[in-house]
Structures are given as C-alpha cells and as structure tokens.
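Trainee: Sequence:
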Amino acid sequence: MVECAMYNITVGNIHPSVICVEISKLVPSLRSLRELLQSGYIEEGLQEFIEDYSRKDEVMPSDKTVGFVVVNSAKRMMSLSFSSISRDLISALRLEADEFKKIGYTTELDVP
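Residues in the sequence shown are numbered from 198 upward in steps of one, following our numbering.
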C-alpha cells in the first residue's frame with residue numbers, strides 16, 4: 198500500500214494540474230513548490246515540478262489517499278487537509294504552512 202497526497206495546483210491561465218505525490222515526498226514537494234511560486238517562472242517551472250514529484254508507478258486498489266494540497270497562485274491561497282498521518286508529518290506540515298504565510302499566502306491547515 199502506498200499513501201499519497203493529491204495536489205490540485207492552479208497557476209495563472211494554465212488549467213489546474215492534479216497530481217498524486219507519495220507521502221514520503223510530501224514535505225520536499227511543498228518546499229519545492231514554495232520555491233517555484235516565489236520564482237518569476239511559475240508557469241515554466243510547473244511541468245518540471247510535476248515531473249519531479251508526481252507518482253509514476255501504477256496506482257493499485259490498496260493505495261490510500263490520506264490528504265489534499267490545494268494551491269491557487271493567483272489568489273495566493275494554500276489549503277492542506279489530511280487524515281491519519283503521523284504526528285511528525287503534522288508538525289512538518291505546520292512548519293511548511295508557516296513558510297507559505299511568510300511569502301504572502303493565506304493558508305488553511307486541517308489535520309487530526
């Protein structure tokens with residue numbers, strides 16, 4: 198079983214991108230996304246972000262989506278909603294949400 202987070206990323210005039218990211222890559226992906234959003238090349242860098250972090254193996258019936266990351270760059274909004282994750286990951290998500298606030302994003306965090 199693989200635990201995943203589903204990302205829904207809206208950047209500029211590009212159709213929203215939806216990707217599945219393995220939980221083990223969640224925190225690094227949030228850091229990378231924050232760096233991308235601060236760059237002047239958001240639309241250009243989005244494809245590279247997707248290639249780096251989206252899950253590429255076959256999705257199996259036993260896999261489990263444990264949360265969602267929703268980002269809208271135009272509205273400078275990020276929402277993290279997770280269930281059944283470790284306390285360490287919850288702490289890491291809180292830190293990442295604070296980092297997004299520092300770059301001017303409104304953040305919502307829904308964790309157990």
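Incorrect hints may have been included.
Said to hold, decoys possible - Computed beta-carbon distance windows for the label pairs: (1) Ser236 / Ser259: 32 to 40 Å; (2) Val199 / Arg228: 15 to 23 Å; (3) Ala271 / Met203: 35 to 43 Å; (4) Phe265 / Met198: 16 to 24 Å; (5) Ser259 / Asp295: 16 to 24 Å; (6) Asp254 / Thr207: 23 to 31 Å; (7) Arg228 / Ser278: 25 to 33 Å.
These are calculated hints, taken from the structure and not from any lab test. Since we're looking at a predicted model, the values are computed, not measured. C-beta: ideal position from N, C-alpha, C; glycine also.
Trainee: Which numbered hints does this structure break?
Mentor: 3, 5 and 7
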